[in-house]
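Whenever a hint applies, use it, and build me the whole structure from the sequences.
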Amino acid sequence: MDTFLGRFKNLIVFAAILFAQVIGLAVQVRRPSDEGQTRLIRLWAISAVTPIETAVVHSQQWVQNIFKNYAYLRGVRRENRELKAQVEQMKIQQTRMEEDARMARRVQALLGFKEQYVDATIAAQVIGTSGSEQSRVLYIDKGANDGIKVDMAVITPSGIVGKIVQVADNWSQVLPINDQFSGVGAALKDSRLQGILKGTPSGATTLQYIMSDEKVTPGEEVITSGGDRIFPKGLPVGKVATVEPGKDLFLNIRVIPAARLDQIEEVLVVTKITEKMPDANALGPLRASDILAERLPTVPNKADVDAAGNAKPGSSTPGTPAAGTTTPAASGTRPTASGTSPNKPVNPAPAANKPATTAPRTTAPSTAGTVKPKPTQATGTATTAKPNGGTTAPANGVRVVDNDAPATPKPKPAPPPESTLPPTEQPAATPSAGASPQ
Amino acid sequence: MTTRVMPFRGSVTSREQVSVYEFGWPAILLIPLLATFIQIFIPVKVRFMPIIDLPFLVTIFFATARRNPISGCLTGCFIGLLYDLFAGPSHPLGMYGIALTVVGYLASSLGVKIDVENPGSRFLITFGFFFIHEIVYYGVAHGLLRQALQWSWSHTAVSALANAILGILLFAFLDRFKRR
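Going down the list, the protein sequences come from chains D and E. The numbering used here numbers the first residue of the first sequence as 139 and each following residue consecutively. The numbering used here numbers the first residue of the second sequence as 455 and each following residue consecutively.
These are calculated hints, taken from the structure and not from any lab test. There is no bait here: all hints are sound.
So the derived label-pair ranges between C-beta atoms look like this:
# : chain 1 : residue 1 : chain 2 : residue 2 : range
1 : E       : Lys499    : D       : Ser340    : 15 to 25 Å
2 : E       : Phe585    : D       : Gln227    : 52 to 62 Å
3 : E       : Ala616    : D       : Phe157    : 31 to 41 Å
4 : E       : Lys567    : D       : Ile204    : 50 to 60 Å
5 : D       : Glu236    : E       : Ile589    : 54 to 64 Å
A virtual CB, placed ideally from N, CA and C, is assigned to each residue, including glycine.
Next comes the structure, spelled out in structure tokens:
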């Protein structure tokens with residue numbers, strides 16, 4: 139026996155060590171939910187290392203900043219001039235985008251649409267990784283003491299990064315979107331097709347569960363769908379790189395992440411997401427015709443409208459503020475925030491600029507004409523004809539007045555605008571048209 | 455400075471005896487710790503770092519230098535479990551532990567039989583054992599844990615080559631800690 143043990147001592151020890159580790163693996167796999175001792179020992183190990191990593195990262199940044207700040211000072215005058223020019227350009231863009239955003243908020247308010255906002259974030263420094271290609275987790279230098287919790291979203295200004303999977307007092311572990319165990323609800327920005335973004339063992343990201351009969355083009359942007367209840371809807375995820383037919387019924391779509399996941403040094407942890415209704419009241423009184431007027435490329439005959447002594451809904455060119463701007467002529471007929479109660483029908487205005495096909499109207503009074511918008515109609519296809527009426531008052535308190543109800547005197551109607559519309563700008567396809575709550 | 459020699463049984467080398475090196479406890483503890491620390495810290499700054507596997511290289515070095523299969527597999531087990539600690543929650547403790555235990559045992563067993571002192575043999579040993587390491591790791595992940603991992607020969611070959619080249623330099627540096 140001694141001879142046997144002595145002869146195979148090495149092999150026996152080797153087998154014993156292997157066996158012990160296999161048993162350890164089995165115990166962990168049997169109880170994946172409560173990590174117990176495994177988690178504790180990991181916490182100890184990582185907690186022992188992270189202070190060193192944090193100190194190294196911060197001191198390195200401190201030294202870097204000294205040199206960078208000096209270098210930046212050298213070209214700061216020229217850069218300032220360039221930035222000023224850029225600001226001017228962006229102001230022009232902002233004006234246009236503000237109008238679009240305002241209109242979108244109105245439409246969302248009309249449809250009872252809850253919007254998610256990233257309310258609070260915490261900036262954190264990446265201080266470590268798993269170090270292997272099989273696991274791509276990251277460690278950041280903020281933890282429970284800073285208000286970070288498990289399942290919070292981690293983003294950068296360019297795109298999403300991942301989610302928090304483990305939190306200690308002073309550090310947290312982030313599961314990036316290119317890890318093979320990650321999954322994010324994502325959607326294609328243009329086609330609105332929804333799928334799940336998953337990582338692969340090689341570190342690539344793929345959009346899965348898009349049916350193979352759908353048309354997806356490379357270069358299309360991918361955004362978060364909000365379906366995972368972690369990332370707010372609409373955050374940039376990346377762009378479609380390649381589209382290939384998959385093995386099953388689904389396409390094999392590879393996505394290039396918007397955030398450079400392999401070069402991340404700083405991230406933002408989303409600590410608070412609020413869901414609220416867009417406050418359309420703050421945007422001023424709104425007429426349904428205004429929504430359409432902003433979208434339509436043709437404007438009604440101003441002379442006719444003025445002659446009628448009513449508001450000039452077409453007085454603002456498309457793309458410029460129309461809602462909320464009260465002209466003197468309109469003061470008598472147009473509802474204002476102070477002068478008209480939400481449930482009171484108002485004087486109708488000419489329907490000069492209203493396309494017949496996209497203007498479902500009601501003739502009933504406000505009680506009968508009140509339409510409770512359905513959230514499911516948010517895609518802009520809510521064109522169900524409703525009875526013609528003057529006022530709608532959705533549950534969110536946003537008041538919409540349709541001045542396009544039969545008017546006295548009725549001005550000369552403008553030609554149907556759809557005849558001049560390009561195919562892509564048919565009002566029925568635009569969010570505003572879909573949301574016109576008559 | 456202590457030097458032990460052991461007789462060569464079935465030696466492939468021209469020498470009759472090979473040296474069995476010993477290391478001080480600080481080196482035995484600190485070198486694996488430092489290797490693991492660098493491995494988890496450097497990828498934040500260096501993109502290609504994950505293809506380098508410092509814990510694996512340190513395991514090979516200790517195993518081949520000490521030429522004792524028991525200490526080889528114990529060293530591999532220790533370094534592997536240490537490395538496992540920093541992997542994600544989807545990575546149970548023991549995956550690297552098992553892979554490096556096997557590597558440590560085989561490398562030290564091989565170190566008894568062949569000369570592992572010159573750069574050429576070090577390159578070949580590191581290159582070959584990297585494949586064994588990856589195969590064992592994938593075997594554990596796929597066979598025991600049912601994880602869907604993708605295997606790429608080309609990627610593994612590139613990683614093995616990179617580790618083998620780095621291994622030559624690293625082993626030359628770590629030779630300073632040997633006690634002769």
